[in-house]
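Read off the chains here:
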Amino acid sequence: MNKWQNNRAWFLIVPVFLVVAFSAIIPLMTVVNYSVQDIFGPGQAYFVGTEWYREMLHNSRLHEALLRQIVFSFTVLAIEISLGIGVALTMPKKGWGASFCLVAVALPLLIPWNVVGTIWTVFARPDIGLAGVFINSLGIDYNFTANPVHSWLTVVAMEVWHWTPLVILLCYAGLQAIPEAYYQAARIDGASKWAVFRYIQLPKLRGVLLIAVLLRFMDSFMIYTEPFVLTGGGPGNTTTFLSQFLTKKAVGQFDIGPAAAFSLMYFLIILLFCFVFYTAMMNADKGDSK
Amino acid sequence: MRITGKHVALIAYLVFLALPIYWLLNMSFKTTEEILGAFNLIPDKFTWANYTMIFTDPSWYMGYINSIKYVAMNTVISLFVALPAAYGFSRFSFVGDKHMFFWLLTNRMSPPAVFLLPFFQFYQTVGLFDTHIAVALAHCLFNVPLAVWILEGFMSGVPREIDETAFIDGYSFHRFFLTIFVPLIKAGIGVTAFFCFMFSWVELLLARTLTTVNAKPIAATMTRTISAAGMDWGGLAAAAVLTMVPGIIVIWFVRNYMAKGFAMGRV
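Here the protein sequences line up with chains A and B, keeping their order.
In this text, residue positions in the first sequence follow the working numbering: the first is 1, and each later residue adds one.
In this text, residue positions in the second sequence follow the working numbering: the first is 1001, and each later residue adds one.
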């Protein structure tokens, strides 16, 4: 759509800018401040330049956490996107079934994140949890607090349980927006189910899928509360992701400088990934309207 | 109705979705002794005691009231500032519009775990610490960008000729916006409100950091109980069940808009 050229539109943007800037700019500047200072206490801070940045770049535990984070994010992204599309395709299109499915599917999204951790703790505990007891009764010695593989699988299952619904909702809305005429045309041409999916549904879903990828990537990359409640980062450090590593450093060990330095890098990593997704999305939009 | 592989797959997924919630419900009706002592698929001695405990103890039920207060404030503020901005982004091109839009989105990307300390200091300095409005404003950081984004999609789905006709007919901008445009994108406002509600309701870290007593959210009340000696699993389960209730109510109202309009425009 071609838009009106008018710089006075800025007046419409000002309230948003003020509200967001109020919470965004000063805290961000504080973090920048911390990242270049060594802080011993109130009023006792020394400028150290880029020392913290260099220290964090060579921190091997941080590299491990970063690697774990990347593996985790891409694993859950792959599962959630494919499962989300699949479920959205099977959901009824109208009637009470559709309403019921929508409400049921949205349920996990509405649970506070630490409560999600609690739910999965009581669900997976080998002594009192439904899943834990069931898996153990199959003869598998399942214990997510002691076995790294099990705890890793449990965190992934929790994340998939928690966030696939968002992908489903977005895809479902995307599918609803496809005009019936497209399907009729496909029927006349005798297109197979796969062809309908590949050449009608998938291209039409591209917009919502990019949003889903963007939101899911940001949030899974910053995941903190759920694994903190479920595994506490253990056993050992096997489920300590970036946010948890940083919080331990900043709050637990009071290494604010290095933590601030890294959080800025962390922010830049997310920004970089999102910029790539965002640019891809905008270009996809342009391709559509041609 | 014919049962096909499709239905089986959907039902399997819904079961996966429901199992943890079923287990939570089941536990919330048991006494803690029964939870730890025996393994039952349905409660042996069915009890409402856990729920009674929450509704009679102010330190529990005030948590819900606090949460609902700041979530409502946040939703109202987000919609109020996002509506004009989304209109601006969807109708006009101006210097720096794309950069502004992307800057808004970047605020969703700052890892909150790291900004806790600066947030704490900043809100204490401006004297808003431990108030509902502090949490509401802090949550605007990630809700306003999302609200602008979703609303912009809905608004772009409304043909611009409607605006032009209204201005030719002599409507002032305010009158046009409030009496014609806002009713047209009702569905979008509903969906946006749902998402603002959702993300503000589920957030814990900022809400917990910015409050101590007066505005303490329910999610934070629950973490305190976890660390208390001797886990009260029954009470915890009941509290968790109750955190789902407001969300269910909200989604029941927007469920039809959800499917209809979400894919309009960019979103």
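Wrong hints could be hidden among the right ones.
Covered, in the sense of this in silico footprint (three residues per stretch, anywhere, with C-beta under 8 Å from a C-beta of chain B), are these stretches of chain A [to be verified]: (1) 92-102; (2) 123-135; (3) 233-247.
Quick caveat, the hints were computed from the structure, so don't treat them as lab data.
Beta carbons: idealized from backbone N, C-alpha and C, even for Gly.
Each hint tested on the structure:
1. 92-102: That given contact holds, which follows from 4 residues of the region 92-102 of chain A lying within Cβ reach (below 8 Å) of chain B.
2. 123-135: Answer holds; 7 residues pass the 8 Å Cβ test.
3. 233-247: holds (count 5)
Every hint, counting from the list given before, is met by this structure.
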